[in-house]
Each structure stands twice: as C-alpha cells, then as structure tokens.
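**Q** Required output: the full structure, derived from the provided sequences and hints.
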Amino acid sequence: MARVAPTTGSKILYLLCLIIGSLLLYIDINYKSFEGVKNNYKSALITSSYLAKSLTIDPFVYIYELSKLKSTLIDENKKLRRELDESYLSNFIISRETKFFSDSSSIEKLLDFYNLDKVFHLSEIKYFDTEKYFCCDQHRLFIQSVTPSKKNFTGSPVFNSSGIVGQVIYDTGIKEVMLLSDSTHSLPVFSDDYFCNASGTGSPGLISCSYSSLIWPKPIFEGQKFFSSGMGGIYPRNVYVGAAKNIKKIDDVNIKFDIVLATNPLKENNLAILENQ
Amino acid sequence: MKNLSLFKIFILLFISNFFESLLAPFFIILNIIVPVTFLFFSFIAYNSRTNFNAITSFVLGIYVDLISDSFFGLNAILFSLSSFVINSYSNTFKLFSYLQICIFFGITSTFYIGFLNLFINVQNFSYPVLFVSFIFNTFLCLILSMSKFYIPNLSLNKRV
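So the protein lines, in turn, are chains A and B.
Residue 1 is where the first sequence starts when you use our numbering, and the numbers rise one by one after that.
Residue 1 is where the second sequence starts when you use our numbering, and the numbers rise one by one after that.
Note that these hints are calculated values from the structure, not bench results.
For glycine and all other residues, C-beta sits at the position ideal for the given N, C-alpha and C.
Everything hinted at is true.
Anything over 12 angstroms on all C-beta distances counts as not near chain B; from chain A, calculated:
#1 Thr47
#2 Leu55
#3 Val146
#4 Ser149
#5 Ile215
#6 Glu222
#7 Gly223
#8 Met231
#9 Gly232
#10 Ile234
#11 Val260
Straight-line alpha carbon distances no greater than 30 angstroms define the calculated DSS-like cross-link-like pairs of lysine-lysine that follow:
#12 B:Lys8 - A:Lys11
#13 B:Lys94 - A:Lys11
#14 A:Lys151 - A:Lys267
#15 A:Lys150 - A:Lys267
#16 A:Lys78 - A:Lys126
#17 B:Lys8 - A:Lys126
#18 A:Lys256 - A:Lys267
#19 A:Lys225 - A:Lys267
#20 A:Lys151 - A:Lys78
#21 A:Lys38 - B:Lys8
#22 A:Lys150 - A:Lys78
#23 A:Lys53 - A:Lys126
#24 A:Lys53 - A:Lys150
#25 A:Lys53 - B:Lys8
#26 A:Lys79 - A:Lys126
**A** This is the structure in structure tokens:
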C-alpha cells in the first residue's frame, strides 16, 4: 500500500513540533529546567540496576561463595580492603611527605580547617558514562557514600588517591560529580606567580588556560607544575593539579596551553568527598 | 514490515541506545560516530506501512533525550525532521536503488551527528569525524541491506 505524502495539516503539526522542540531546547540550555527530571531518571536507573543485580546475580555469587566455605574470609577481606582504601585516602590528606601539597603549612592549615576525624566521606562510583567522557563535553560520574550520611555534599570537592577529581553538583542520595575536564567546569590554578581559571576542554584528562604575555611576561614552559589556588572557595589550596602541555600562541600577545591532569577518574573505584565546612 | 506498537518501539530504542553507549567508546578512537538509535528510528520510520505521526516522532525524540542524557528537545527536533523527510519521500524511495537509499541514510545520520555535536560537543567539533562517520554509516547501511540477500532469515521485510 502506498504511503501518503504529508498533508498541509500534518506539515503544520511537524512545524509545531519543531517550534516546541526548539523552545524546550532553549529552556534546557539556558535555564537547565529539566535537570531534576534527568537526575530522577538516572537515580531510578542506577537504583533499579543495583536492585536487579542484587536480586539476580548476587544470590548466585553468594551461593557460590558459601559453597566454597569462604564467605567469612571474603567478608573480612572486603572489610579490610575498604579499610585499606580509607587508609590510603586518609594518608593522602594527612601525609606531610605527599607530593600533592607543595608545602607543609598548607596541609596543617587544611587539617585544622577540615577537622581530621570528619574530613572526608569514602564513596564508590555507581555509574560513569564513559561514552560521554570520551566523546563529548559533559564529563560526569555518579557516586554513593559507603556510609550513609544525611549531609548534603553539593559543592564539595571530590578526591581520589591521585588528587582532585571534581566537584559534587547534585546530591540526591546518589551524588553527581562534575569532573575537572567537563567543559563547563572552571578550576582556579596557579604556578609560581601565575594565576588562571583553568576551564575544562571536554577532552579526557585535559584542562586549559590562556594568558596575555603583557600581563604575565614570564613564559610558561612544558611540564610546568600547576596547583589549585583555592580562590574559588571550593578546592583546598596547593593541591597538585597537573603539568602544562601544548603551549600555543593564539596571536602576538595571547598564549593558550593545556594542563594534563594528574588524576584519572577511570583508575579507581573509591573516591573521597571532602566536607565543605 | 508490520507496524510495531509504540511500547515495542520504546523498548527497542532503549536497547539500541544501550548498544550505542557500549560501542561509542571503541568507535570514537577511529573518529567514527554511529548513531545507532537514530538509524534504528529512521529504519522503523522507513519500513513502517503507514506514515509516522509528527507527535509520535516528537515523543520518541523526547524519550531518547531522556535516556541519552542530552538536552531536551534536541533529539525531538531531529526525529521529527527525519520522520518528515522519510514520510515525504516514502514513495520516491521505491524508485531508488539500495545504494541511493543507503547514501540518503548516511547523509541524514551525518546531519544528525553534526547537529548533535553543535550542542553537546561544540569544543571538539570535527569535520573529519563527520566525513569518516558518513562513509562508515553508509557502508553499514549497505551491509545491513545486503545481508537480507545473503542471510534470508535475517530479513525483516519480506515484501521487498
């Protein structure tokens, strides 16, 4: 049976759909009005996949473990591993020898500020859209605290054992973390007397800075180390961020360069959320 | 092809979106983007016995926006446009060869990728990616259309 070409009425309907679509697009881009819906969907998806896994795969795993009479040992092993992870992260924060802090005074200040016992909350990655991480500008991951907490961590910085990973932007039980390489993210960094707001490039593991040689006459060299300046009030000061690379002259005075991040969000499953206050 | 119910289309789009997210990290290394969800929707619209309604296309687009975490309205616009073009040329397609139809779908998928990248990946917008994707998607459509001759059991459309 032949299909009928769109009539004037259906063409008007298509036009109406295009107008409504454009309107929705404009509202979403400018006002982010649908973030709530998207977050609820993601939370529901993660929860349902978690439930499905715990109802289907986990019982078999448990029976298998039980059949091998090692369940107690496995539990203990898991507990020890978790404690070890916590210890690694704790050592990262408190160690005076660590490379990530450029001087010892900053860590003393950090310890005083964060009140060591409640300094961080160990979390696990629940969902990471690697497709978007590799292809697109939006670099987000979803984490959940190991120990449930009623505190809202929106705005809190997130670390792994290599340094800063990003910042919590939504906390609805499952926390959405905006990575440093997200194109909408901005991180104040410094190196010697040079300061800049490094913005995410949308490429994995890269952030970029630009400066005018009229303002900062001292040139930036490849491999120059950059640290967080703490000027945004979110991240602690003096945390090692990465090294300069791909230094390019945009014109006679303006220079742009990338910073290769020291952290890789794909490397570890455990992260630490630092408390804001 | 028998017309699929809306519920089945929703599930199939979800599955194709899942596969798209699985394949994308591997293809992007080769500078290729395969919009599996969009191609699947186009295939359904193309193979449908009746015209796809504008509202149906729009709703399916919104649904894909939700499951693929893109801006609301982005896929809705592109799906509506795609179904309009397919509906308009549904009878003309019968005069085309398979190669021409595959090139048509290659072009629409390239337009889709380009338009999508303008909104979600503007900083890394790349013409080589578009060009390579166009060639790859055209060949992919060609292989799929040829597969029905070599593997008849896979044929979904017995009428052609």
